[in-house]
Each structure stands twice: as structure tokens, then as C-alpha cells.
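Colleague: Respectively, the protein sequence lines represent chains A and B. Numbering-wise, UniProt numbering puts 302 at position 302 of the first sequence, and it's gapless, one number per residue. Numbering-wise, UniProt numbering puts 321 at position 321 of the second sequence, and it's gapless, one number per residue.
The set of hints was computed from the structure by calculation and includes no laboratory data. Hints may be right or wrong, so weigh each one.
[Claimed, not checked] Stretches of chain B that chain A covers, calculated by requiring three or more beta carbons in the stretch to come under 8 Å of a beta carbon on chain A:
{"hint": "1", "segment": "56-66"}
{"hint": "2", "segment": "260-269"}
{"hint": "3", "segment": "274-280"}
Beta carbons: idealized from backbone N, C-alpha and C, even for Gly.
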Amino acid sequence: MADTDLVIGRVEELLRDHPPATTARRDFLGAQFEAGLAWVHFPEGLGGLGVAPQLQREVVLRLAEAGAPDGAGTNRLGYAMGAPTVVAWGDRAQQERYLRPLFVGDERWCQLFSEPGAGSDLAGLTTRAVRDGDDWIVNGQKVWSSMATISDIGMLIVRTDPDLPKHQGLTYFLLDMRAPGVEVRPLRQMTGEAEFNEVYLTDVRVPDPARIGAPGAGWKVAMTTLMEERVLFNRERDEKGPTDIALELYRRRERDAGQRTRMIELWIRGRVQRLNTVRAAANRTDGIPGPEGSIGKLVYAELNQDALELCLDLLGDESLLYDSYEPVAYTEESLRRSGEADLRRRFLRSRAQTIEGGTSEIMRTILADRVLGLPPEPRGDKHLPFSQIPRG
Amino acid sequence: MSSSDAREDLRREVRRFLERRSTEADVRRLMADPEGYDREVWTVMAGQLGLQGMALPEAHGGAGFGYEELCVVFEEMGRALLPSPFLATIALAANVLLESGDPAACERYLPAIASGELVATLALGEEEGGWDDTAVRMRAEPDGTGWTLTGVKRFVPAAHVANLLLVVAHTADGLSLFAVEPPAEGCTVEVELTLDLTRPLSLVTLDRAPAVLVGRSGQAWDGVRRALRFAAVALAAEQVGGAQRVLEMTVDYAKVRHQFGRPIGSFQAVKHKLADMLVAIESARSAAQDAARAVAQGDPEVELAASVAKAVCSDTFTRAAATAIQLHGGIGFTWEHPAQLYFKRARSSEFLLGTPGHHRDLVGRSIGV
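If we strip away everything but chain B, and leave its shape as in the complex, we get (with noise of 0.2 Å):
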């Protein structure tokens, strides 16, 4: 078999069961509930499909699959506005674990990964966010054997249900990433109240919180970077799906809601924004399968892969969900639509891992513009 055929079994397999459990109810119901996704959800996804572990080392307990199938399940997410710390423990922390030189960390927390029994997040920005190493401006400070963490980290996603937080702050030596175990003595997280509510993210307050060194002191901004474009991908996979959903969604609408007695569809206003929104689809996808390849091919030109990724597929997204509500008209603004579900998912999408405007910066810079 091909691995695109292999690729498709995975993509219909993973498909059919968010079909099931993660329906627009499911994803409603979770919006308001304190934990924000459906443990029970997260158990079959570790257990039955293996998805936390499949793009994982098998040394560490994974079953060692590339990075565009792990693409593939972020795109079928994405599609099913999953939510789910799925993001934040694969794409974000399982990433900056293998990226950060520590072996022993690796072996501590990566088979938990892979088995569904820990979920872990990044906790990079702070009180202004941001998404690169200027966002950073707490101090670690040495305590024994060990480190204290002080200070404020805000915008962590699923930091109020991880077990793990990786969180990066200065040494003497520079940048470094550290390791904090909720519940822990001095680490409190509040949920803020998110734009996206299939989303939650948080505040993270420490104060004097024991924390472990990963990786070497001063070291660390090399490993998190490649892994925050790393996950860059991945989000920029899930963009995809939720945006080609939008599409859908709307094209089905536009074939049976019936103005000056025809379908809307049949209107050239109506049919060449969707059409604009289809070629925007395709180019998005086009981008983000290449930069899922380059992870998985180790490109040396991977970073500019991922960031062209995540600038097109942002914008991309948050454009079709805009056109789905305007095309919907008035029933695409209220709540009890999804499109504003998919709005909000793409706005902030935009945002998290770094701005569109930021990741054409990088662009530019890559190919000395």
C-alpha cells in the first residue's frame, strides 16, 4: 500500500470517530465544562488509535509514524473543532522534550505521553505574550540541587488540566527550559475567559515554584524554536480542516437556501467567493502538506516551510470563516450556528504560535528580504 493510501485510512478512520464523539454537541457541552474536554474521549485516542503516541519514538513508547500522518489527525481535529489538549501535550510539549537534547527527560515524560496518562503544555508568553524568545523575561533562581520559578506565564493552552508544564525563563546562562509538576507548592492556574471557548487558555502563577532544569542551562531557545515550528505545522494542518469544514458547510447552504426564488449558490456573487475560498483551500493545503513533509524529512529549510505555513493557512482559515458567516447571512451570526464556533477557532488560531505578520517577518529574513 502507498503511504497517500495509508494516509487516507488513517485520515477516514480518525474521521469516523470524531464523527461520533465529537459532534456540535459534544464540542458545546465541553465549552462549558471546567475541564474542557471529554477524558473518556482522550483514553480511546491514547488506547484504541494510539494517536498521542503514533509520531512518537518507539524507544519512547510511540509507534514511531511520520509527522504528515500525525498531520493528517490535526487536519481531521481541526475539521471536528475537537477540543482537546491533544495540541498542547503533541504538537507544543512533546516536540520541545525531543528538541531539547534531554534523554532522561525524554524518558521520564514521553511514554506518559504516549499513553494518554500525562498531558503537558508550553508555557512561553508573558504578561504582553508573544511567541519568541523577546516574550520571555523570567528569571530562574537556584534553590539546592534544584531551580524556583517566579513570575506570571499567560496564553498556556490546557495548562489548568496538564500535569506537565515546560516552562522557559532566564538563567545566568541564557535562555533555559525547566520543568514544573502540577499540583505543585507555588504554581496556581486560573482559566481566563478565552475568545475561542474550545480553547482554554491560561494563567500561570509561580511563586518560588520547584522546578526542574531540562536540557542544558542557557541552551534551550535553539531546541524550543524549531519546536514551536514544529507545532506551527501542526496547527497549520488543523487550520485546513477546519477551514475545508467551512467550505462545506457553506456550499451545502448555498445549494438549498432559496432568495428571489433560486438557490443563493446560483448567484455569480455567491459562487465566486466560494470559489475564492476553495483556490485559498487548496493553496493552504498545498503549504501546509509541504511543511509536514519537511518536518518529517528532516529539510534543512524546514523553518521556512513551517512559517510560510502557518502565514498562509491563518489567514486562509480566518477568511473562509468570515466568508461562511457573511454567506450564511443573518443565521450565521447567532449562537446556535457553528460558524461562529469556527470564526473564533480561526481568529485566535491566527494568533497562538505566532501572528501571520510575524511568521512573514521570518520569511523575509530567511530569503534576506
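For reference, chain A alone in the conformation it holds in the complex (with noise of 0.2 Å):
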């Protein structure tokens, strides 16, 4: 109770030095960070009060109804995955150095982990970094980093030392996007658009200090940032759920009986949907999700997909059209406006939300391994020398 009525006076402080309306973006996002708000749960002075994250929400709450900026909106890699990542394994030089500029709009970020050889099984990366004085030489080819193009810095993991086994030769950087030798290709996707990008890494300079852990450490700082991403895929949005877009199309157009019960079961499920969400952030006590978030991520992913199918199918004949196939690059503003984006659109970029952040396989062997503890399945790879484990 007392933490909570800290972050309501700390809330009600910001909005009366810095009223919304009259403050600039970035003086009040500023100001926001310095009053622990920016990430309740942060120790104090990296833009957190040290309290439980559940309070976020009050504040979240409390700043949208004054019409407050929001810090994470444009900014979702970073505020969610990559500052927690910072705070978990950063020395505090690198926390005061990467927290503020990341909350208050001045470095976006972006995820450099996937490679063309390296998806599901993403220790079996091949991007190398190798040690040069007080720098890393990086070189090789990253894949599906959303955001890239308008970014400034980068998530990245890459392999430091191949004769160890494969989780063990990993190192995690952040890597400046601007440095010479990074080359951002946009990758167009079965929707149109190209909201992904390959990342091109060729004889790239990255001082030591922008090493996040140990070398070698690289896979554990990176689970701490794939847990983070898998809450995130399933965190409450603002915007309208597919499941409230069917229901209001449903209310609209003719349909059958098979459509009813379809309806029904999909509405049940957005509900439960949002229940599992309600209680797992109450269950969360400390700073960083456990594997159970996978439950949240696989849930959602195959939700949306069942109800962007019944909308199509509730759309009728309408759903064999399309809005536009111009190849546009993601920016800011689309990057706004994706939750209005057309229902026909949404229906294929629906596919994409069963592989990206994990796939709906690899999820369901999380949770079989990790929270059920079952014996891991017998593997080849696993206690090699990566160089030695066989590829192509």
C-alpha cells in the first residue's frame, strides 16, 4: 500500500511540475525517468523506484487519461525487451549510459538475433565477433529485425569462440546501428510491406564497452530478452482486438449457424485470453518473466489467427480483395497506425505470429521442458565444439 501510494504521489508530482500540454515530448519523458517512472520496478535512479512491476500500470494509466506522452509506443524493442536486459546484466556505467536516451526518444532500438541458419535453434548462430585491442571486428548477416531502419541501436548476439559448445561461444552487444560496415535491407513479407529487415554485418567496429555480461555469456543475457519479448507479444493492447472486430461484423452481416458457434468459442477464448493475462501479471513478482510466459505467447498467436479467419470469413466476398500491395517501409507512423491496419492485411500478417518470437513448436518445448520438466530430447549437438557440429 505504501509503494502504491509512492508511485500515485511521485504520478501526481510529474503532472503537476510538467503538465502534459504545455511540456515537450522529451522534457516530460525527461522528467518522467528522473521521477522513477519510466520502469516502476528499476532501482532508484535508472528510472525505477525499486517497487513491484505491477505498478506500472497505475502509471500507465494515470499519464494516458492526462494525455501524457508515451514513452514506449515508438520505442516498444527497447522499453520492453532491451531495457530490462540493460538493467539485468549492464554494469551501471552502461545502465546510466543506454536507460535515459532509450525512454526519452533519443535511441530507438531494434533485435539483432535470428540468421538465415539460425531460427528455431538460434545458438547455432554463425555471425562472428572476434577481439581486436579494445574493440570486436563483427561479420555476418542477421534477419526479421523489425524496426532496423529507423533504429540506432542494436540487440545482438553473436559467436565469440567456436571451439566452445554452442550456447557457450556466445556473446551479447549493443551494437550502434550508424557504425560504417552495417547495411539495412528491408525484406518485403507476404503482406506487402516490409517490416522486417536483413541486417548486413560486414568488418563492423564495436567498442568493448557496448558488451552486455561476460564474453561467453551471450545465451543466458539473451533469454532474458526473449522472455521479455514473448510477455510482450501478449501484453494488453489499446487498440481493438480481432476478437471485438469479429464480434462487430458478426452483429453486421448475414451469417450461418456454424458462424454462431465459431463466434461463441472465439469470444470465449479472447476472454480467457485476457484473464490468463490478468493473473499472470499479478502472479509476477519479481522484475523478469519466467517460462511460463510462454503460455501467454502461444495463446495469443493461435487466437488471433482463428479470429482474423473468422473475420475474413465474415467479411464474405469483400475477402477476396486487397487494400495494396505497394511495397511500403516501416516508419514511425505506420508503425502508429499498424493496429487500424486493413482486416485483410492483418489476416496474412497473422501468419507470421505462430513462428516470430519463438515459435508455437519451440513454445510448446519450453513449457514441456522448463515448466513441466520433462527430459530434454537427446540432441547431437549440444556438448560439441560448434565446430565441429555439422550444417547446411
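Grab the two chains, each in its own frame, and use the hints to assemble them into the complex.
Modeller: Take a look at the structure:
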């Protein structure tokens, strides 16, 4: 209770001293950071107050009501995944270097994890970093990096020692996306737009102070980022969900008995998914979500696909058409409006939801191994030096 | 202490008790017992543990705890597969009385329920079964100052051991509620052979049986319907407990059962089935807990929450129990293995208090679909 009062008091103070109507966006976010209201569960001095993460909701609701700018919206990956990783694994100098610019919008973040040859088997990545004095020289290719064209910092995981087993030879860096040798190429997807990118890294020089965690500790650091990512995919959003849209369409259009059954079932699944999210948030005691975060990710992805299928069925013959296949690159504007996209576009986009951030198959394996404690599947690659694992 | 800590303490206490007093051997012994429950366990539950009176109002001899606490108890009973008239007495009869708007009937029966002296149940469906107002054809006849009932009620849980039957029948005014107190003249109760031997259901034949009106003539259905929804919430909690137990049982088995030189739980085909079971059970738990909260808080959407919970928890328990049999292989199909007991309980619970299809239809009506 005392913590709730502390948080509410700070919010009121912030709004009184920096009225959103007359304060510039960046100044307001700066003041919010200083007040410990950026991530309330972070330590004091680093944008937080060291209180329970659930209390962030109080902040978000009150600030939205007061018309304050939203620091998270256009920098989702940095806000939800980057910052917790830096708090968990960065040293004090790194925390002071990265958190404030991230929150006030000076630096946008993207993720450089997947590679053409390392999707579900992320630890099989081959992008290399070699030590060179106070720097590291990075060579390789990353893929599925959303927002890379408009980002300043890349969360990068690379191989620094190929003679160790695959999970042990990895290291985590925060890459300056403007550094020479970083080339970002938009990757067109089945919706027609280029939401993701390929990132080619050629002799990119990364200073050692941009390394997060010890050399060889990259897998553990990356796990923090990935756990946060799974929760991110399941977070409550402001925009109308596909289940709500399906219900509106259902009430407006002609429909048959089969569609009634599907509509009710979807509505129930949507309600239960929201209840799951609320319960998981209430049970989250410390900062970093556990493997049970995979439940929400899995349920949300499959629910959205089914809901959008019903939406298109309810649209009828209109679903034979499409709004535009013009290749559109991702911008800050398009990012803000992604929730309003055409239903047919969202339907196509939803096919990615059971793939991105860990496929549904990988989610099920994580739940089985890490939550239920089932024995792992025997595998030939885990203990071999990475350089001796057959690839191709 | 926070309310969730208090609930966990209660859960531990009830689980410890049931692990001692409702072992698989006890369950099987009671499946063959004509009464179908252990009177001594019932007495300890009412006395030492105070479970019967837990959620009843203090004015009627109860302890005045909330419905969420009561649902923790149901979850543990489902886990232990406890054969008991607890669901019939507490979830059905006590709720029907509380919703009847008849203080005299509450005063007469609830303290005896709280103390464990009285086993009671609701008699609703007839030859064709069913759990809504269309299931009732029986007519009550005025008889001097009272009434008599004639006809047949079926699928009545715990009727063979109950000393109070709350019977729904028509009067000229509409659906009404009556109390019949067996053993009574013109009232015979026959236990039918049930798919689920842990929950006996009876055929009740009434032949000019004397009955006392509870509440007002023709005004019963609103209260009975609400009580049925509250009972469905308790049953949903019971289903979550049963589903959780079969998941644990199956995970344990998948860790030790070896085929092809490795534990079967290391095969992805097995892992993913169990992961799906986990996801479904966690979702069912969210739905059940939300419905219990809705009852406790008097949420205006409580009936919707109850129907969501009953639909989701029914499907989840049945699928979980079926998967448990599948993953146990041949041993899971044997009489000796407990998987079949949970499967039969799951399948029967699906029907009791309304099928998932019935509750989905109610959800549809309530959201305008």
C-alpha cells in the first residue's frame, strides 16, 4: 500500500510540475525518468523506484488519462526487452549510458538475433566477433529485424568462440546501427510491406564497453531479452482485438449457424486469454518473467489467427480483394497505425504470429521442458564444440 | 496475511486431509459402498475442518467466508476424486435455499447443513434430463394447507443419502420450489448404475408425496437458475482440480516410462500433448477463478462468467483425462489404473449442471450472438 501511495504521489507531482499540455515530449519523458516512473520496478536512479512491476499499470493509466506522451509506443523493443536486459546484465556505467536515451526517445532499439541459418535453433548462429585491441570486429548476417531501418541501437548476439559448445561461445553487444559496415536491407513479406529487415554486418567495429555481460555469457543475456519478448507479444494493447472486430462484423452481416458457434467459441477464448494475462501479471513477483510466459505467447498467437480467419469469413466476398500490395517500408507513422490496418492485411500478417518470437512448436517444447520438467530430447549438438557440428 | 496467502493455507490443509482420507483405495472402496461416501470423513469435514459451513452466512451457523475460498475446497476435492454429497449439499441445495428468498427455510435447513447433520440436494430434471426450466414437467397439487408432488425426477446427485430434496415443480403460478424430507410417504429413491461410480445419481419417484412450498409459488426459477450457475462455478473448480491431477500423473509417468531406450516424455510428440494440456488447464483455472470472484463480489455478469467457466473447464478436464489415458498407453486403459476414474468423472461432470454446448449457447445469448 505504501508503495502504491509512493507511485501515485510521484505521478501527481510529475503532472503538476510538467503539465503535458505545455511540456515538450522529450522534456516530459526526461522528467518521468527522473521521477522513477519509466519502469517503476527498476532501481532508483535508473528510471525506477524499486517497487512491484504491477504498479506500472497505475502510472500508464494515470498518464494516459492526463494526455501525457507515451515513451513505450514507438520504441517497443527497447522499452520492453532492451531496458530489462540492461538492468539485469549491464554494469552501472552501461545502465546510465543506455536507459535514459532509450526512454526519452533519443535512441530507438531493434533486435539482431535470428540468422538465415539460425531460427528456432538460435544458438546455432554463425555471425562472428573477433577481439581486436579494445574493439571487436563483427562479420555476418542477421534477419527478421523489425524497425532496423529507423533504429539507433541493435541488441546483437554473436559467436566469439567457435571452439566451445554452441551455447557457451556467444556474447551479447549493443551495436551502434550507424557504425560503418552495418547495412540494412528491407525484407518484403507476404503482406506486401517491409516490416522486417536483413542486416548485413561487414567488418563492423564494436567497442568493448558496448558488451553486455561477460564474453561467453551471451546466451544467458539473450534469454532475458527473449523472455521479455514472449510477454511483450501477449501484452494488453489499446487497439481493438480481432475478436472484438469479428463480433462487430458478426452483428452487422448475414451469418449461418456454423459461424455462430465459431463466434461464441472465439469470444470465450478471447475472454479467457485476457484473464490469463491479468492473472500472469498479478503473479509476476520479480522483474523477469519465467518460462510460463510462453503460455500467453502461444495462446495469443493462435487466437489471433483463428479470429482473423473468422473476420474474413464474415467479410464474405470482400475478402477476395486486397487494399494495396505497394511495398511500404516501416516508419514511425506506420508503426503507430499498425493496429488500424486493413483486416485482410492483418489476416495475412497473423500467419507470422506463430513463428516470430519463438515458434509455437518451440513454445510447447519450452513449456514441456522448463515448466513440466520433462526430460530433454536427446540431441547430438549440445556438447560438441560448435566448430564440429555438421551444418547445411 | 493477504487473501491469496490465506487461500493457499486452506488449500494445503484440505489437501493434507484428503491425501490421508481420500486415497485411491478409499475412492474405490466407496465406489462399491451402497452409501457411496464416508460418514466419518463427512463429520470431520463439518466439525474439525468446518468445510460445510465455511461459505454459509454466520446468521445461519456458517463461518461467512467467501466463494473463492469455497472453490479452493472444491478444487482439492476434484483433485482427490472425493466421493461425497458435498457438491449436492453445498453447491446445489445450500445455494438454492439462499437464493429462494425464504428466510424460514434457510433458518430451518442451513444450520443443519453447516453442522454436517443434513445432506440435501436439488431434484430438477425428469425422464429426459436437462438443467434448465424446460426440463420440468412435474405439477404440484394443493393438499389442504400443503402440497403433494407426483412424478419422476432423474439424475439427482446424492438423493439416496439426502434427508432434504429440493424439488422444482409447476403450480398454477409457474415454477415453484418444494421441500420433501425423505424418508417420506410416497417418496422412493433408487440409485441408478452410473458411468462415474464416484458420484451416484438417483431416480426419485414421488407419488402424492407431501411437500412444503419454499419461497413464493411461481417465483422460483430466478433463484434456482442463479443457484445452478453458482453450483456450476463450484463444479468448474472441481474440474480444474481433477485436470491438474491427471496432468501431474501423466507427467510423472512420462518421466519414468522408457521405450526405445529413452523416457517417453523426451519425445516431442508427447511433450507437445502435455504442453497443450498445461496451457488448457491454466486457461481453465483463469476462467474458474474469475467466476468464483464474480460470485464472491456479486458481479452483475456472474452468470456469464459461470457459463464461460463451466464450458471451458468441462472441455479441459475431459480432454486432459482422455490424453492421460492415451499417454499412459495400455496401462491407462485398465480397471486398476486411476486414469479411468478421472475420465469417467470428467465425462459426467461435463453433463451435470448443463453441457458445454448449453453454456456456450447461454454465453452467445448474453453477448447478443
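Colleague: Next, verify each hint and record whether it holds.
Modeller: Hints and how they fare:
no., hint, result
1, 56-66, "violated (count 0)"
2, 260-269, "holds (count 6)"
3, 274-280, "holds (count 5)"
Checked against the numbered hints given earlier, this structure breaks only hint 1.
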